[in-house]
Each structure stands twice: as C-alpha cells, then as structure tokens.
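Colleague: One letter stands for each residue in the lines below.
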Amino acid sequence: MTEEKQSILKTRNVKLWYGNKEALHGIDLDFPKKGITALIGPSGSGKSTYLRALNRMHDLEDNITVTGSFDFMGEDIYAPTTDTVELRKKIGMVFQQPNPFPFSIYDNVAFGLRLAGVKDKDVLDKAVEESLKAASIWEEVKDNLNKSALGLSGGQQQRVSIARVLATKPDLLLLDEPTSALDPVSAHNIEETLLELRDQYAMIIVTHSLSQASRISDQTAFFLNGEMVEKGDTRKIFIDPEKKETADYISGRFG
Amino acid sequence: MNAKTADKVATGVIYAIAGSVALVLFAMLAFILVRGLPHLSWHFLTSAARSFEAGGGIGIQLFNSFYLLILAMLISFPIALGAAIYLNEYAKKNSLWVSIVRTSIEVMSSLPSVVVGLFGFLIFVVKFKLGFSILSGAIALTIFNLPILTRSIETSLSQIPNLQREAGAALGLSRFETVIHIILPASVPSIVTGVVISAGRVFGEAAALIYTAGQSAPTLDFTDWNPFNMASPLSPFRPAETLAVHIWKINSEGIMPDISEVSAGASAVLIIVVLLFNFSARRLGQLLYKKLTKA
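Chain order of the listed sequences is A and B.
The UniProt record's numbering applies: residue 1 is where the first sequence begins, and numbers increase by one.
The UniProt record's numbering applies: residue 1 is where the second sequence begins, and numbers increase by one.
Bound-form chain A, shown alone:
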C-alpha cells in the first residue's frame, strides 16, 4: 500500500490570516489513518491555529481567512458545499479546558447520539458504556452516571469530554493541549487513554510538553513562527532532527 492511500488527511499550502496578518505561511502535512501525530513548537508558533483549521473552528470567528487544500478522505474540507456540521461529526475535538456540558455524565456522552436521532435506550446505554470505557473512566463513574459532570475533577471531566467525542464515532480526533490544564496524575491518565485509543483512531495532538509528545506520538511535526519546520517519526525528530531550529527547541535552548 502506498503512503497516499494510508493518509486520512492531506493538507497542502495551508495559509491563514487574522485580518491582514498572515499567521500560517503554507503548511504541508499528511496524517496516517491510525496513530498519534504530535504538533510541537513554542507558544505562538501556529500549531493550535493549524489544528483548529482542520475542523473549521475558525468559522466561528469573524475576520479569519483560511486557504490551501485539505483532502479529508477524498473530501475537500473547505469546499463551499461542505456541511461543517457533518464535517465536525467526523472530525472530533478535545479542548485544553475540560468542557463538559452542565448535564449528567450520561447525558453528556449520549448528547451527540441523541442529537443524531438515536432514541433507543439500549443503544444509548451501550454507546455510553463503550465510550466511557474507551476513555478509561467507566470504572470511576459507572455508579454515578446521573450525577452532574460538573461535579467531577478536572481530569475526570476531560476524560468525559473525550468519551463524549468518541461516542459520535469520529474518524479523526483533534486534541488541543488536552492535558495542559490538568494535574500530573490526571495528565498521565489521559495519556494512558490516548495510548489505548491509538490503534483505533487517527489523532492529532497539540502539546507543549515535549516529554508527552515523545511518550505517546508516532510522528511529530515541529512548528515555528507559522511554518512547519520539520516532520517525521517521533523517534527521529527527538534523537536526530535534521534542522538546527528543531534541535535547539528539542534540547530546550528556546521556547
């Protein structure tokens, strides 16, 4: 099988403007069908901006222009005919701050399915259980599914947020610094969760933590000042990067 066929998403020459200011200067990146890709780089390097372009989150803001080609399993993400609602069901997202809805844990996870018209209680029960298990939080909440998700700890809330996304069966999962607002133990739990999921999902994670990127990702791309400087197998990037900027960043000389 060629590499072409294995990618779930191919982006070419991605540029983004805030008003007149160009923030991304032409990013080319491919993502495989399974496994974790880490986007690393200092603050303001454009990695989160790039990530949020992938499920068109920038549409929610005024004054942002995105150009370039985005081939998502043969579909053009930015085609005028693309239904962003449908698109975001296929490309799920987990945010930096855990953001469960102010409902019960069960309702949070069942939310996407209910909205898609699933009413059968058995189907919902099963999906909720599977998703919570996949997000490794089932054991902690299984007796309290009717309690408010807001009563959980930050790390638990984040895993419920992950379960909520998984319940809608996305093809691609975007994670925008999912552990940076959490304590080390919770962060570790989330990492374990992601490792469990890496064989089933394509995931792209933006992270400030180099050690996290090295622990969980299969491939890594290094961003700097709105450019993608280097990409490759995580091992290669961390041990033997080709570019000087990458080596400097990895070794902690800036950022």
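Be careful, since some hints might not be right.
[Unchecked claim] Cut-off 30 angstroms, straight-line C-alpha distance, at most; resulting in silico cross-link-like pairs (DSS-like, lysine-lysine): (1) A:K15 with B:K290; (2) A:K147 with B:K92; (3) A:K236 with A:K15; (4) A:K21 with A:K169; (5) B:K92 with A:K126; (6) A:K21 with A:K33; (7) B:K290 with A:K119; (8) B:K290 with A:K142; (9) A:K147 with A:K169.
[Stated by the list, open to error] Label pairs and their calculated CB-CB ranges: (10) A:G252 with B:G19: 55 to 63 angstroms; (11) A:D71 with B:Y86: 33 to 41 angstroms; (12) A:K15 with B:P112: 50 to 58 angstroms; (13) A:H25 with B:I14: 20 to 28 angstroms; (14) A:N13 with B:L74: 53 to 61 angstroms; (15) B:A6 with A:V185: 46 to 54 angstroms; (16) A:P184 with B:I70: 53 to 61 angstroms; (17) B:Q159 with A:K119: 30 to 38 angstroms; (18) A:V118 with B:F176: 17 to 25 angstroms; (19) B:A18 with A:E130: 29 to 37 angstroms.
[What the hints assert, rightly or not] One-sided excerpt, in silico: chain A residues whose CB lies under 10 angstroms from chain B: (20) D59; (21) D62; (22) P80; (23) I91; (24) Q96; (25) P98; (26) D171; (27) L174.
Calculated from the structure, these hints are not laboratory results.
Just so we're clear, the structure is a prediction, and the values are computed from it rather than from any experiment.
C-beta: ideal position from N, C-alpha, C; glycine also.
Model the placement of chain B on the given structure of chain A, informed by the hints.
Modeller: The following block gives chain B in isolation, referenced to the frame of chain A:
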C-alpha cells in the same frame, strides 16, 4: 496620620456610606410596612374599592396588576429572548446594524415611563382604538420592559463560557442547536432570576399605565372566565387600574374618608409583592440550577 490609621478611617467611611444606603432602604420599608400592615386584612385584599365611603379594598387592583404583569411578560419575554440570542450568539461585533440595535435598546431603556405611557395612549388607545384596556397597558409595559429584559437575558447568555459553544460546534452541532441544547439550558437559572426581578419592576410601574390601562377598575364578575365578556376578569379589552396606579390615583384625587389607610395598606401590599419577587428570584434560580445540573 500614618498609612495604617488612614486605611482604618477610609474603611470606616466606606462602611458608613454602604450602611447608609441600606439604612435608607430599611427606613423606607419600615415606614411603609408599619403604616400599612395594620390595615391589611383578607377583606382588604379581596374586596372592591369604594369611591365615597370607608371600608373599600384593593381586590380588583391586585388582580389587575398580576394579570397585566403576566400578559406583559408573555408578550415581552419571547421578543427579549430572541433579541438577546441574536445579539449574543449571532451578531457580528462591529457591524453597523448591530450597533444600531444596541443603541436603540439603550435609548429605549432610558425612556421615561411616562413618555412610554403617553406614546401608548396616542398610538394604541387612540389610533388603534384599543381604548383604555389591559391590552394597551400590556403593550406599554412591554415597551418599558423590553430593553431591561433583553439586556438581562443577554448578560445571562454571555456568562456561559465560550468553551461550551466550541464544544457544541466541535460535536457537530449547528449554531442554532448549540443555542437550543446547550447555551439556553445552561443559562435558564440566571434567565429566570432576571425575568422575576424585572417582573418586580413591571409590577410596581404606574406612569406607563395611567394613560393606557386606565384609571378605573370596573367591577369584575369572578364567575365569568370567558375572555370576550367585558365583565370577565380575563377580558383584555376592559380598563384595568393596577395597584400602583390606584395608589397614585387615590392620593391625588381620592375622596373616600379612609384615603390614608387604603393608601398605606395598598403601598404595603405593593412593597411586599415586589420584595417577594426579589427574594424568590435568586432562590428560584439556584433551585433550577441544582435541578438542571443534577438530573
């Protein structure tokens, strides 16, 4: 004077100022309640007013106040909710259109209520031939209430963190679905608090009603609930003096011998109802929030 003493003095002054604000309120409440409470009785609360002799009540006025309040809320709430959703969820921040809408709301909220009343008189009472009626009054109250209610709902919506909107969008919800399924449920407690507090304001409003709902309270037949009969309490086409208007009316031109007793009693009832609205608003909001987040 060293910094520490200066700080103590300043703190004392600030406490005193804050205390005097509370004192004004308590003094006023005490005055009204002490004067009014002795005159309250079941008879006073339920019987009709009398124009020439002592012993009249405020039953009809009290009913009118509540009925007008409900009608005014039924008209103004959907409009205010829609406007607030538009302004907070859909409107682009810097467009000319939005700034026109915002300025209109601000100007509307600073209109003196007597001007709203006179406008209502000329347009609804005279031009549209609605006469002095509950309907005219309810529309005038809507104009009076709309800007405040819109702002209060908008504030409620804006307190929901943007994360929730992003979470909705990222889950594949349209903007409208996000508003209906996430933002509104999350803001219900604070919206309810705002609605009840504005209800208190509307309940006590007099100037906007004098020329619209009228200054007379025809006898009502509380056995007739057909809204199309003029004597029915539910008829929106009958004139309806409210409690606040009644207080104004008897103090300016009342000729019954027990004016001061009726006036004091009516004022006490008005204040008590408004206080009840204010106290229950927060409780109700908290209760709803608990219910919503637990279920």
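Colleague: Tell me, which hint numbers fail for this structure?
Modeller: Per hint list: 1, 2, 4, 5, 6, 13, 19, 22, 26 violated.
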